[in-house]
Amino acid sequence: MAATPKLLKLLGHRAFRSPFASCAARSVAYWNVSSTQHGGWHPPEHTSLCHSFSSWNVLTTSSAHRGLEFSKASSSEASTLQLGSLRTTRVVEEDVEAFDSFEDTRVFLELRPEYRLHSYKSETCQPLSVSEGELILHKVTVYQDHLQAQVIADYLCKLSSLPPEQHSILLGSTRFALLCQLSVKKIELFDTQDLINILKAFVILGIPHSHPMLYVYETQCCHQVWNMSMDQLLLVADLWRHLGRKVPRFLKIFLSYLNLHWKDISLSQLVHLIYVIGENRQVSQDVMQKLESLIFKYIDLLNLEEIGTICLGFFKSSTSLSEFVMRKFGDLACADMQHLSSHALVNILKMFRFTHVDHINFMKQFGEIAPQRIPSLGVQGVMHLTLACSALRFLDEGVLNAVAASLPPRVVHCRSKDVAKILWSFGTLNYKPPNAEEFYSSLINEIHRKMPEFSQFPEHLITCLLGLAFSEYFPIEFIDYALSPGFVRLSQERTKFDLLKELCTLDGTVGIECPDYRGNRLSAHLQQEGSELLWNLARKDMNSKPEFLETLSLLDTMLGGPQYLKHHMILPHTRSSDIEVQLDVNLKPLPFNREAIPGENVTKLRLKHVAVRLTDDLMSQLLKGKARGHFQGKTESEPGQQPMELEDKTAVLLGGSLCNVADKPGAMEIAGLCPPACMQTPRVKLAIQFTNRNQYSYGSRNLLGLHNMKRRQLVRLGYRVVELSYWEWFPILKRTRLEKLAFLHEKVFTSAL
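First residue of the sequence shown: 98, per our numbering; consecutive thereafter.
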């Protein structure tokens with residue numbers, strides 16, 4: 098505590114008439130609402146807490162009135178005070194945008210009677226009259242030095258039974274502040290049930306989550322963790338959730354307790370515990386693995402709302418669930434999808450998105466019910482559904498059309514995050530709905546209206562612009578702002594995300610697709626830094642794939658050496674690498690990759706003379722590009738000869754045959770590669786793309802937004818794109834070397850025609 102603590106009134110507090118006002122001018126203790134971590138005031142050590150609270154300065158105030166009675170006017174005034182009550186006021190009329198992040202996540206607590214044992218629910222109790230409340234506060238003033246801990250706890254509980262309209266007045270009372278101060282002094286004498294009852298009273302009264310007293314109560318709860326049952330621990334955690342205060346110290350000790358007692362947790366305790374963990378985002382992976390083993394135990398007893406709660410808890414705590422559990426959850430949801438609430442549906446989809454588990458039947462049924470539910474779902478829920486489709490690469494036109502149709506009339510309800518994720522999702526899935534003009538214009542206009550919010554969350558603006566770029570929309574005004582030095586600096590300072598890769602993607606895209614753009618661009622330094630970063634990531638990724646390394650080796654062999662191809666990023670900003678090949682006017686490969694040519698051989702490139710015996714059938718297939726035929730076994734090897742030797746020699750033939758000097762039946766001589774004179778401007782530049790299924794929407798051959806944009810830009814720069822698509826190339830990789838080379842020969846040289 099500072100030597101002279103700040104004296105601050107409770108937020109929103111004003112002087113007003115009340116029967117709880119002192120009858121004579123007396124000392125007034127002000128509520129201290131200065132906040133530090135989690136909105137609360139944190140004294141250094143528990144041993145100094147009583148001293149800290151006793152140091153609240155006592156001032157004489159002229160606003161204390163003598164013998165003033167409560168009036169209707171003062172009641173009306175008091176009822177307007179905002180004293181930090183946790184609960185969000187519900188909208189009376191039916192409004193699909195009204196989502197209570199507290200109440201709507203707790204539906205599962207109503208589905209089993211067991212939850213009542215370890216969760217808080219307001220109960221009707223005998224109301225306390227105003228006169229009885231006045232009497233209690235009078236006793237506090239008179240007997241303050243002699244009140245026992247049990248009496249103090251009893252007084253706090255009784256005062257919480259005052260009529261609701263009196264609560265705000267009570268919180269403004271100096272005598273109630275004195276009672277709270279006394280409770281802190283006696284706090285070590287409270288047993289577990291006393292603490293629980295007092296926390297319940299605080300919830301009813303709406304004690305502000307930032308009040309310093311609550312830090313002291315958290316500390317005492319920490320001291321009593323090991324004396325509590327699992328039901329009591331969950332109830333205390335639930336009460337803190339009602340108070341709207343994060344209690345990391347309590348939860349840390351709670352989870353330590355859990356490590357020793359986790360095997361005894363019941364089904365309702367398990368689900369409630371996962372909910373508590375998710376709301377506090379605090380857990381170790383070891384604990385979550387133990388909880389997942391309990392999910393195995395109870396999985397067939399869970400209802401759909403509980404499954405949704407478990408998914409949300411694991412999602413919020415950034416903890417994955419195993420594929421087995423997610424598939425089982427998907428099966429259970431599919432068995433009764435029509436009765437799955439929209440809230441549970443969104444939560445299960447969040448976890449499918451997080452784990453990337455492709456449950457086909459679940460997504461199919463989701464595609465059937467989602468279009469009907471989307472109009473009655475708030476925009477945040479719509480955003481999560483759309484983002485899940487994007488993350489799972491699930492392109493369902495019915496779902497996306499329903500999203501696009503429902504959004505324009507209520508786009509004003511979108512947060513900057515919602516706008517960003519929806520634009521990103523449509524762009525990533527590379528889909529334009531039938532009302533594309535209305536859909537995109539409404540979202541772009543919303544970006545205009547929410548620019549102050551986007552300035553606070555720069556990552557959302559970049560996400561918007563990339564999603565739009567995938568869909569070939571380029572709002573120049575926003576691009577100019579996003580690439581300005583000021584915004585770039587802002588994005589580096591104000592967000593936990595490293596946005597350099599995203600900025601480079603946007604900058605490089607604008608450079609190619611907006612030739613008339615004259616606005617801001619990234620500095621040369623940032624472009625270089627971003628390119629190096631992206632290349633290092635792409636190279637590391639591709640070099641870790643044996644199938645790619647084999648493809649690179651085969652192309653090297655087929656074309657005649659490393660100087661005839663180059664593995665690099667033609668478009669660094671598109672984040673994936675390419676294999677570039679250049680052909681001259683005669684469609685013969687050019688040795689353009691000087692980095693792969695030894696210095697002494699730059700002026701004259703030669704390969705060793707090799708003679709290879711080939712059958713006429715194989716020769717015809719190789720030269721004509723008929724890779725789909727089935728090779729005869731006798732062409733793969735001769736008696737006494739190792740198959741690999743023939744394959745290697747044939748591979749050299751394939752490389753030199755495009756620049757050969759003579760063709761002979763059954764054999765071919767390679768005198769050498771094209772001389773330096775053929776180092777000319779290429780007629781054809783090929784960009785060979787080694788693709789995998791993650792670059793396409795699920796179960797289709799439709800490229801996703803980023804990869805489609807890359808193809809579009811390569812064509813703009815004069816490249817012919819050669820797709821080594823996974824559905825064609827991966828099966829070929831399992832066949833003989835000759836078949837692989839023949840397939841590559843056809844792909845490369847047929848594409849060049």
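Certain hints may be false.
Capping the alpha-carbon separation at 25 Å, the derived lysine to aspartate or glutamate pairs in DMTMM-like fashion look like this [stated by the list, open to error]: (1) K637 - D613; (2) K387 - D328; (3) K413 - D428; (4) K514 - D493; (5) K360 - D433.
Think of the hints as simulated: they come from the structure by calculation, not from any bench.
How the hints compare with the structure:
1. K637 - D613: Roughly 35 Å between the alpha carbons, so the hint for K637 and D613 is violated.
2. K387 - D328: Measuring from Cα to Cα gives roughly 19 Å; hence the hint holds.
3. K413 - D428: Holds, because 23 Å separates the two Cα atoms, which is no more than 25 Å.
4. K514 - D493: Roughly 22 Å separates the two Cα atoms, so the pair holds.
5. K360 - D433: violated (30 Å)
Hints 1 and 5, counting from the list given before, are not met by this structure.
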